[in-house]
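Note that the protein sequences, when read in sequence, are chains A and B.
First residue of the first sequence: 1, per this note's numbering; consecutive thereafter.
First residue of the second sequence: 484, per this note's numbering; consecutive thereafter.
Keep in mind that the hints were calculated from the coordinates and are not lab data.
The structure displayed is predicted, hence computed values, not measured ones.
For each residue, glycine too, the CB sits at the ideal point set by N, CA and C.
Mixed in with the good hints, there may be bad ones.
Claimed, not checked - If you only want the chain A side, here are some residues facing chain B, beta carbon under 10 Å, derived:
1) N2
2) R7
3) M15
4) F16
5) L19
6) S22
7) T23
8) V26
9) A31
10) T41
11) T43
Stated by the list, open to error - Rough simulated footprint, nothing fancy, chain A against chain B, three-plus residues with beta-carbon under 8 Å:
12) 811-822
13) 838-850
14) 889-903
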Amino acid sequence: MNRELKRVSIVVMLMFVTLLGSTSIVQAFQADNLSADPRNTRTLYDSYQVERGAILVNGEPIAQSMPADDDFKFLRTYTNPELYAPITGYIPINGEPTGLEFALNAELTGTSNSQFFDKISALVTGQDPKGAAVEVTIDPIAQQAAWDALGDYTGSVVVTEPATGRILAMVSKPGFNPNLLTVHNNAEVTASYDALLADPNDPLINRAINSLNPPGSIFKLVVTTAALESGEYTPESTFPNPSVYTAPGTTSEIENSSGAPCGAGETVTLATALRLSCNIPFAELGVELGDTAIRETAEKFGFNSNHSIPMNVSESVYPRGLDDPQTAQSAFGQFNVQATPLQMAMVSGAIANGGVVMAPNLVQEILAPNLSAIQTFEPAELGRVMSEETAATITAMMINGVQDGAASNARIDGVDVAGKTGTAQNGSTDPFTLWFTGFVPANDPQYAITVLVENGGGEGQTGFGNKLAAPVAKKVLEAVLNK
Amino acid sequence: MQSLNKASALQTQPATEPVRRLHLPQKLRNLELFLLLIASFINAGAVVLVQLGALGELDPTLVLLGAGLSVLVISLHVVLRFVARDADPFILPIATVLNGIGIAMIYRIDIAVDDSGWESAAVRQTVWSALAIFCAIIVLLVIRNHRVLFRYTYIAGLVGVLLLFLPLVPGLGKEISGARVWISVGSFGTFQPGEIAKIALAVFFAGYLVRNRDSLSMVGKKFLGARFPRFRDLGPILVVWALSMSVIIFQRDLGTALLYFGLFLVMLYLATGRLSWVIMGMSLFLGGAVIASQTLNYVNGRFTNWLDALNPAVYDAKGGSFQLVQGLFGLAKGGLLGTGWGQGRPEITPVPQSDYIIASLGEELGLAGIFAILALYLLFVARGFRIGFAGQDDFGKLLAVGLAFVVALQCFIVIGGVTRVIPLTGLTTPFLAAGGSSLVANWIIAALLLRLSDTVRNQPRLVV
Numbered sequence: 001m002n003r004e005l006k007r008v009s010i011v012v013m014l015m016f017v018t019l020l021g022s023t024s025i026v027q028a029f030q031a032d033n034l035s036a037d038p039r040n041t042r043t044l045y046d047s048y049q050v051e052r053g054a055i056l057v058n059g060e061p062i063a064q065s066m067p068a069d070d071d072f073k074f075l076r077t078y079t080n081p082e083l084y085a086p087i088t089g090y091i092p093i094n095g096e097p098t099g100l101e102f103a104l105n106a107e108l109t110g111t112s113n114s115q116f117f118d119k120i121s122a123l124v125t126g127q128d129p130k131g132a133a134v135e136v137t138i139d140p141i142a143q144q145a146a147w148d149a150l151g152d153y154t155g156s157v158v159v160t161e162p163a164t165g166r167i168l169a170m171v172s173k174p175g176f177n178p179n180l181l182t183v184h185n186n187a188e189v190t191a192s193y194d195a196l197l198a199d200p201n202d203p204l205i206n207r208a209i210n211s212l213n214p215p216g217s218i219f220k221l222v223v224t225t226a227a228l229e230s231g232e233y234t235p236e237s238t239f240p241n242p243s244v245y246t247a248p249g250t251t252s253e254i255e256n257s258s259g260a261p262c263g264a265g266e267t268v269t270l271a272t273a274l275r276l277s278c279n280i281p282f283a284e285l286g287v288e289l290g291d292t293a294i295r296e297t298a299e300k301f302g303f304n305s306n307h308s309i310p311m312n313v314s315e316s317v318y319p320r321g322l323d324d325p326q327t328a329q330s331a332f333g334q335f336n337v338q339a340t341p342l343q344m345a346m347v348s349g350a351i352a353n354g355g356v357v358m359a360p361n362l363v364q365e366i367l368a369p370n371l372s373a374i375q376t377f378e379p380a381e382l383g384r385v386m387s388e389e390t391a392a393t394i395t396a397m398m399i400n401g402v403q404d405g406a407a408s409n410a411r412i413d414g415v416d417v418a419g420k421t422g423t424a425q426n427g428s429t430d431p432f433t434l435w436f437t438g439f440v441p442a443n444d445p446q447y448a449i450t451v452l453v454e455n456g457g458g459e460g461q462t463g464f465g466n467k468l469a470a471p472v473a474k475k476v477l478e479a480v481l482n483k
Numbered sequence: 484m485q486s487l488n489k490a491s492a493l494q495t496q497p498a499t500e501p502v503r504r505l506h507l508p509q510k511l512r513n514l515e516l517f518l519l520l521i522a523s524f525i526n527a528g529a530v531v532l533v534q535l536g537a538l539g540e541l542d543p544t545l546v547l548l549g550a551g552l553s554v555l556v557i558s559l560h561v562v563l564r565f566v567a568r569d570a571d572p573f574i575l576p577i578a579t580v581l582n583g584i585g586i587a588m589i590y591r592i593d594i595a596v597d598d599s600g601w602e603s604a605a606v607r608q609t610v611w612s613a614l615a616i617f618c619a620i621i622v623l624l625v626i627r628n629h630r631v632l633f634r635y636t637y638i639a640g641l642v643g644v645l646l647l648f649l650p651l652v653p654g655l656g657k658e659i660s661g662a663r664v665w666i667s668v669g670s671f672g673t674f675q676p677g678e679i680a681k682i683a684l685a686v687f688f689a690g691y692l693v694r695n696r697d698s699l700s701m702v703g704k705k706f707l708g709a710r711f712p713r714f715r716d717l718g719p720i721l722v723v724w725a726l727s728m729s730v731i732i733f734q735r736d737l738g739t740a741l742l743y744f745g746l747f748l749v750m751l752y753l754a755t756g757r758l759s760w761v762i763m764g765m766s767l768f769l770g771g772a773v774i775a776s777q778t779l780n781y782v783n784g785r786f787t788n789w790l791d792a793l794n795p796a797v798y799d800a801k802g803g804s805f806q807l808v809q810g811l812f813g814l815a816k817g818g819l820l821g822t823g824w825g826q827g828r829p830e831i832t833p834v835p836q837s838d839y840i841i842a843s844l845g846e847e848l849g850l851a852g853i854f855a856i857l858a859l860y861l862l863f864v865a866r867g868f869r870i871g872f873a874g875q876d877d878f879g880k881l882l883a884v885g886l887a888f889v890v891a892l893q894c895f896i897v898i899g900g901v902t903r904v905i906p907l908t909g910l911t912t913p914f915l916a917a918g919g920s921s922l923v924a925n926w927i928i929a930a931l932l933l934r935l936s937d938t939v940r941n942q943p944r945l946v947v
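Only chain B is shown next, with the shape it has when bound in the complex (with noise of 0.2 Å):
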């Protein structure tokens, strides 16, 4: 009787097969839904936290707003139930999380500092996630498959460098706080391009490398248990380095340098797989850095205030260290737990909701935050190289994995730079921070990595 039955099972399923995969739940995008319903949930009771803390009282206004970021976000959902069902269920609610805390605590900011209104920069995060959110679902939309991407190898270079020189422009370029990376557009404020640029030349060098990896990793001397590249084929590698420097000299912003130049070596070494370009690579850097600190101003003082951020002559100092040194006492007054929501006073600190934000969080939420908020970091990162491993084309392998480490890079300049591993260089914490250029580049990185990671599923698997 059974195994009539299981016989029987076994000569229908041909025939079920279109249909199951038809009627299969979907059981990704119900976790997801899942996990959004908790991102949401902590979006929301983050805000009222730092209402009863900052405020004493509850204000509807802005729960409203958030309400209406999580209809969007839902709405993201529902796409991916339609047009990539098969993505990562962690992604989209990883950034929703991450977006939500970093309102709450601009907010948070905002209430310390009196802004309200279209003055309130939590009310235009608020705009600007809608925005990203939205651009999000158009990239999903748009791109069905990731290879298209690859046509547009040498457009997508082209774009990414007017991009990240768009705010050389004369009347059109910006300069915020001695670096010159945004440009104003009318009374929206300010948008840093190279953000954006980031997307670009991470398509570019993925679809470059894929093209010409070989010529690039197996002609040259072998030397020291390395093989060297020849001289002619070290055009690519000292193009980008040029490019980083000009980023240095002309735009006088350490931190987009570091992390262009720190995408392409990933990405060379994963398609080449030559130890010997990634030392080749960080010794040109690292040599350009040395003499940026010797012949630029404010490079040179970069490096002081790092090293010697405590000194009472570098703290005065103007351009000194005084920020970080308040950063630094911000996370020190969290210590362990924080001070609760609303509680801190992350304020004293200069630019608490953009390059610092990390330090307001710290101080508030204290380490135990911050090691949520890194581990959060972590497992979106991971999920991008997941697709790397799991991925069955060169190129859509060195897409994920370049937009996951420029993530996990972003975040440990600016991270480290808080904290002084390395020196302090304006940017943007991925998701948290102020900034609408940010925001929509980051939400269209986890748009790429959502649509790349269904394709991967969606493809039998050839090798693992």
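If we strip away everything but chain A, and leave its shape as in the complex, we get (with noise of 0.2 Å):
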């Protein structure tokens, strides 16, 4: 029986190393990867053990802990929460925080990787640990006169510095005030939180990089690029001028959203489709571009794709394998094409960098507590989507879109601004969604906006992108260029 005896302590033996190699894994190898994993609460409780770095706009602090009597030593705060809740977010005590608050949790706690040595020696001095801050790109104008120019409207503007990705303003209305959900007190933050979820508007969401809409008519700038990128198209292509249009394989009709023809004649150009914004022409081309270019030059400009500005923003979507109807209505940012404002700004933006989709980026500095820089941001390229000489046409399409177009609302006087409107159907009784998207000065670009309404601007089916969405975009874009 001994030799039996052996061979199974050899097997208890193995089961005993197993156990220990397991804990090892668990305890020392995949500590890290579950210490930053987002569910873990210890970590977010030993997060408030430190001070926590500040979040700053020009060197000021919107958000920053203040020292507290309790047992979590320090408040968070926010300053002019409601204008910049969509960037800090918030930390409450009892679960996951949002915004850069999440995103950048682990250098404002001071436990990333690059400050482990900082961490090390203020174990040595015996100075209080204390957390990096994160300056942002936010340029405090703009996002002022975004927030005010948007009023009461449910939606978002985002405005972006198209030679850098750098967005200078991120809007979303309603807005809500992260002071409630900091609180050190369960209770509170519960039903503040139970009455902001509860609201209609949905104030937690940041419609800026988590909406997606149907883009509507600036979906068309895709499709443009899209078809003058094939070398087959120019901006004097022509397309048959109907005032109803059935793709082939159905029965559906399409109209112009005048109802009308776009403009005289038996034709149309391309030029002036997308100057005056008309459905008919774009289902045509769509057709005969085709899904799979259209969706390639969407990818290209950053759709179907995770991006993080370092927040997570939500995957636009272009979608797969559609057929001929389905096509011609994605070639005007219908059926399941939906984006967010971030994307639109990206395509905007890209056209205005001259073919080039810069990474939209939030972050400038991450700035340790002697407020050296320990990480600063640099552009980067996502790639080229289309030719300067296309990105030249399609700019000077816009311009005409503004000047003498569907987007005239957006003009502003001594300046060129490039512009494109869209007015987006949700199903057959819902509010439109309205868009604009473009910059200024078209001949060198410095800003480029996306201004997203949803629901209609509270009216209904009625109002239109021009309408409700230009004359924001115009008054941000005022504001910017004259400070």
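Assemble the dimeric complex from its two separately framed chains, guided by the hints.
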């Protein structure tokens, strides 16, 4: 029996070696990953034990940790809370943080790898450990102007710098006060949170990056890019100009928003179609191009992929495998095409930037407690979508659209505005989604702007992009140009 | 002169032998006492550190309870001095320190969730420990020779099966988090008779296999290099397999089934020396487990939680991997050295004082603490195996190894489940976890091992 006994002892030994191994893997090798998991509330609680770094706009804190007389030691406090809520997010004591509080949690708490040696030296010198501060790319004038201009609409304004992808303004409405969610009282936090959650206007959603809407006519910029880049079309290419169009293989009819043909004449040019934002020529163009060509261009602009600014941006969608009628609809931004305002800002930003898409980014610098830069963010290219010539051509077409077309309400005296409006349907009875996207000055773009107005701007199915969204953009652009 | 002395010493030796035996200093018992004092010191230190870490002040009540426990353990030691003076000196201290660390951790979690008095799991655990040690003393006093148990082989088997299925009796059984393995015993809480059943079954398996191993090992056809048994000899393994499967199906308890079947297979292998039994047994069990995972929702859920624990959908699902992942977070938080007693947040994980006590300990004592605990278990199991190696009668050998193996396997199933080596199943960590039945069972195992080790040393060694 002893031979068998020896073998069983070896098996038992192996069982224990396995356990030694598995506990080592969890506690030593996977520990960092597990601690970084956002569901790990232990890490959250620990984060209160150090003074969390501030979030700064132009050096002024919009979020900072104030000393508090309780177990948490610090109370997170937001300045100008509603204005900056989409940027800061909030960090509750009993749940997951959001916004930059979530995305840069490791840096703000001083636990990121780049802060390892700071942590060690704080340990040796006996200083209280402190998190890093985060300087964002936001321009306070642009942010305030965007907030004011959007008024009472449900929606979002995003302003970016085309050459760098830096986000200068990111507004989401209706806003909420993150200070309500950071108080050190579970019941109060839960009550405030539940109230915000129950609000039908969803104030907790950051519409700039997490609200997906059909882009409607502003998606025609993507289709125009695909057409010009194919080499088979120019702005002067013509399309049949009926008042009603039926795509091959279907009986459902497509109309222009006017209900009439697109201007006078048997045929209409691509330039006119974009200027007047007609659906039928684009439906025809879309069917000719095919869904694959449109999708590939859209994907170069950033559709169908995730972006991090470093908050996660919802994935904008151009679907796969469309048939002709669906492609026709998709060519003017309907049929399951969905985009975030930030994605559309990337589209107009790329056109403004001579055809190169820049990675959108909200963080300028991460600063150690002694204000030395731990990390500085450099502009990053995502790739070229179109040639410089194509970009210039589309810019010219967009200028016409503002000066003499469907986006007339964005006109600003003394400066060329390149723009495109959109009015997207959400089913047969729901209110429209209204858009504007564009940039100024058109000859030397400094600012790209995208305006989203959800819920019809309160006007159901009667409002349209040029009436509601374009004036918002105009006000914001005037403010940033005059500063 | 010298040679003369030597000669006289040689002459007098036979005469003095009985006298010397009486006055022989109990070296083993003295070592045990020394280790017991260290164990008691560790236990008291743990409770003090918990109080300093979690309360920030010292509260003498629980220290007193702990001291009471030490007194009981010492009385067990005294009993050994009289009835089993050659028993293994390591078993009792190891059991003591594991029990004490468990109480300290349970107490620490009571503080976190604000339980006190009879609500406090630590107080109940201490009372159960006292009862368990008392049971161990009774076992040592009543069973003066383990061969007595051989006579009750079949009664033990019957008792084991009855205990195992007691929770299925309507009105008596109680279902807790899906598994029906408890019976309620009035206000005293719940009792898991399956824990006691494992001892009865170990006795039964040992007795049965010693009696029948010839027919189980000698006869059969050779096939692929291994000798496979005749069909009519398949009876026992099929019965145990059916028993395990019915535990999975009716009591919804994967861990217990695995424990009993594993125990039987190892004892069967030891008794017959036939690897073919192990191969057959494992295929039977794996087959059953695979079918169960396809047909039984709870088994399937356990597998999904195991394989895809960090997937948000699995994590958020009802009965999903929330607990498993929270346990991993706790272990990760502990890292190499742990947060220290009372400094972590083990209460975030569900049932941190019973099924998940090992994760709680890992959080506060770190990988270092887990290694120490695993080393203690390994030493405990090794002492059992030592009896197996040194023993003369096959029944004693089999019983000792079976009991030791059941502790090892239980550790493996629980800790392996917590650290994602195998799917998580609900079993208690021996000596550590909150739970009266488990404590009683494991202290009885300790008592039996003490008894067996004493017998082994008292007998002249024929073969090693």
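> Checking against the hints above, which ones are violated?
Replying inline: none
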